[in-house]
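Build out the structure end to end from the sequences listed, making use of the hints.
This is what each chain is made of:
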Amino acid sequence: MLRYISKRLLYILMTLFLIVTVTFFLMRAAPGGPFSSEKQVPPEIEKNLNEFYGLDRPWYNQYFDYLVSIAKWDFGPSFKYKGQTVNDLINEGFPVSFFLGMESLLLAISIGVLLGIIAALNHNKWQDYTAMVLAVLGISVPSFIMASILQYFLAIKLGLFPVARWESLQHTVLPALALAATPMAFIARLTRSSMLEVLSNDYIRTAKAKGLSRGQITVKHAVRNALLPVVTYLGPLSAQILTGSFVIEKIFGIPGLGSHFVTSISNRDYTTIMGVTVFYSILLLVAVLLVDIAYGFIDPRIKLAGGKKGE
Amino acid sequence: MEKLLEVKNLEVSFQTYGGEVQAVRGVSFHLNKGETLAIVGESGSGKSVTSQTIMRLIPTPPGKIKSGQIIFNGEDLVKKTDKEMEQIRGKEIGMIFQDPMTSLNPTMKVGHQIMEVLIKHQKMSKSAAKERAIELLRLVGIPMPEKRVNQYPHEFSGGMRQRAMIAVALASNPKLLIADEPTTALDVTIQAQILELMKDLQKKTGTSIIFITHDLGVVANVADRVAVMYAGKIVEMGTVDEIFYDPRHPYTWGLLASMPSLDSDDQTELAAIPGSPPDLTNPPKGDAFAPRNPYAMKIDFEMEPPMFKVSDTHYAATWLLHPDAPKVEPPEAVKKRLRKLSSNYEKPVVVKESE
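Line by line, the protein sequences are chains A and B.
Note that UniProt numbering gives residue 90 to position 90 of the first sequence, counting from 1, and the numbers run on in steps of one.
Note that UniProt numbering gives residue 341 to position 341 of the second sequence, counting from 1, and the numbers run on in steps of one.
Just so you know, not all the hints are guaranteed correct.
[Said to hold, decoys possible] Residues on chain A that point at chain B, a partial pick, calculated with CB under 8 angstroms:
id	residue
1	Arg28
2	Asn201
3	Tyr203
4	Gly211
5	Arg224
6	Asn225
7	Pro300
[Claimed, not checked] DSS-like cross-link-like pairs, simulated, lysine-lysine; straight-line CA separation at most 25 angstroms:
id	chain 1	residue 1	chain 2	residue 2
8	A	Lys220	B	Lys66
9	B	Lys126	B	Lys147
10	A	Lys250	A	Lys82
11	B	Lys66	A	Lys125
12	A	Lys220	B	Lys147
13	B	Lys298	B	Lys347
14	A	Lys303	B	Lys109
15	B	Lys203	A	Lys220
16	A	Lys220	B	Lys126
Please keep in mind that the hints were generated in silico from the structure rather than gathered at the bench.
Ideal Cβ positions, reconstructed from N, Cα and C, are used throughout, including at glycine.
Below, the structure is given as structure tokens:
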């Protein structure tokens, strides 16, 4: 197990190196720069700025310097937010996005799995149809419309929750719901189809022949086997949700990490682009690793290579 | 002999898009205590549906028990609710399935799958159930049961999984064990071992067994009595000797003739029954076997034959037993085995409907 994890960590480092390199050069290849905006900056000032941020040095110097600093977990100063480093941006934004993301992840998983199970157990009955209509709505309604609907009905009309801003737990409910809608619907559909497949298996008939009740069969024999596809989906999903959503954060006025992904690119804020990309990649790679480890626990047939039996 | 199970005129059908499939069309048989009854027939003859109906395991809908009774221990299982059946499944009746590769839950330890039965039906504690599970694994001939009890099905071979399945089925000492083609998915040496094991366990526990198979070789080995099924009906039923040495139904002849035997040399060809079983969405008028039957007479296409009683224990549904029927010779392969059985009646007697 330990060998497996250390091997995977090595791969993660190699992947990160590739991501850093590709992003670095792609970014430089895009036309424009951090200081080219509508307002003309006098050439002398631009020269000074470039000098200050080291942009006048040859690309290989910049690249290797960046590699060294990133190894020290230093993403450098932001070009756009004066006096702030990219580390500051992440340290401020990520806890907010993380909290919101966790909340919606929990919502999406618990309600999604529950809906999926109910739908599968009542295959082709009204419960199934209701859950699947909800799921199709959840997948096809974009999050900004979902957010506006929630704000309009739950906040403005009924006054149950505040409309926007990030202050108390109450403020987190609506954005978490809006963020959770799509993955919840997706998880519900995944769980349903995978439950239906599992329920048609021979060992479910064996469980029935043992005299177990429907509930016991579902909980002990079906759900665990049905969750594998859902867990697979959770890896990329959690990385995506935990780093925040541009749309949701804009609509609800949440000071999260999500907006930096979009604005840093249009700003050509080189260091911020690099910083958030690397940060997102790390989260994604770790999430995928966790999913792979979780496989081994859920399904004993999956042996992690490098583990005690995989040699 | 005391009857443990009596199935009376059972009819089961399935509602499909193509129409109503009449899988079981009026099956009656009984099973005595401690006895082994083999139900033989080709795929689609309704033997598995019959056995799963006894356990009430057929999915309803699309399946439906249209009529009939299943008297088990004096109670009619057809009338039981699902909740009441939970107290019978696994406790009073155990079941072994065809494919040991897929019949065990891959993500649950084998021991745990046995313990489940004990905890549910014997109200055992976890530790007591585990002790008993180890004992059961030893009983079904699995070496090192203390270690095996904590392993998963994928760490077992096919034969061992079937042994584990038997342990699951026998965990709470059921009065009846239904084995639905338990050796079909196994290779021949393992087959023999599993059959030995089942016979051995039956001697120890006194369980009655319904053994479903399409392999007549297996039947001769394990059964006391045999019921031959075709197109959802029992066409012939008798003791093993009666079926093997004095078969009366042309379908049974066909089955016996298509069985290789040790003294057949490389010159004799194996006989096959021509054609394929009828579509049970529209069961044919008359005898369902008639279109494939070289001995079929006109009446076979018009009217279903009644049950004739050849001896106290031997029944066959064929017009050939009617006093007016012409005398016919069974195929060569069957003729070689024929023996005079002293228990036979002077003449076959028609069984009245009410019986």
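Results for each hint:
1. Interface hint at Arg28(A): violated, since its Cβ lies 50 angstroms from the closest Cβ of chain B, which is beyond the 8 angstroms cut-off.
2. Evaluation of the Asn201(A) hint against chain B yields a held restraint, the C-beta minimum of about 7 angstroms falling below 8 angstroms.
3. Because the smallest distance between the Cβ of Tyr203(A) and any Cβ of chain B comes to about 4 angstroms, under 8 angstroms, the interface hint for this residue holds.
4. For Gly211(A), the suggested interface contact is upheld, since its CB lies about 3 angstroms from the closest CB of chain B, less than 8 angstroms.
5. For the restraint placing Arg224(A) at the interface with chain B, the shortest Cβ-Cβ distance is roughly 5 angstroms, inside the 8 angstroms limit, so the hint holds.
6. The beta carbon of Asn225(A) comes within 6 angstroms of a beta carbon in chain B, closer than 8 angstroms, and the hint placing it at the interface holds.
7. Against a cut-off of 8 angstroms between C-beta atoms, the interface hint on Pro300(A) holds, since the closest Cβ of chain B lies about 4 angstroms away.
8. At roughly 33 angstroms between alpha-carbon atoms, Lys220(A) and Lys66(B) are farther apart than 25 angstroms, so this suggested pair is violated.
9. This hinted pair checks out: Lys126(B) and Lys147(B) have alpha carbons roughly 17 angstroms apart, not beyond 25 angstroms.
10. Pair hint Lys250(A) plus Lys82(A) holds up; C-alpha atoms about 21 angstroms apart against a cutoff of 25 angstroms.
11. Our distance criterion of 25 angstroms between C-alpha atoms is met by Lys66(B) and Lys125(A), whose separation comes to about 24 angstroms.
12. Under the criterion of a C-alpha separation no larger than 25 angstroms, the hint pairing Lys220(A) with Lys147(B) is consistent with the structure, at around 23 angstroms.
13. Note on Lys298(B) and Lys347(B): the hinted pairing holds, with a Cα-Cα distance of about 23 angstroms set against a maximum of 25 angstroms.
14. Using a Cα cut-off of 25 angstroms, the hinted pair Lys303(A) and Lys109(B) holds, with the two alpha carbons roughly 15 angstroms apart.
15. Only pairs whose Cα atoms come within 25 angstroms are accepted, and Lys203(B) paired with Lys220(A) is rejected, the gap being roughly 34 angstroms.
16. Annotation: proposed proximity of Lys220(A) to Lys126(B) holds, straight-line Cα distance about 15 angstroms (limit 25 angstroms).
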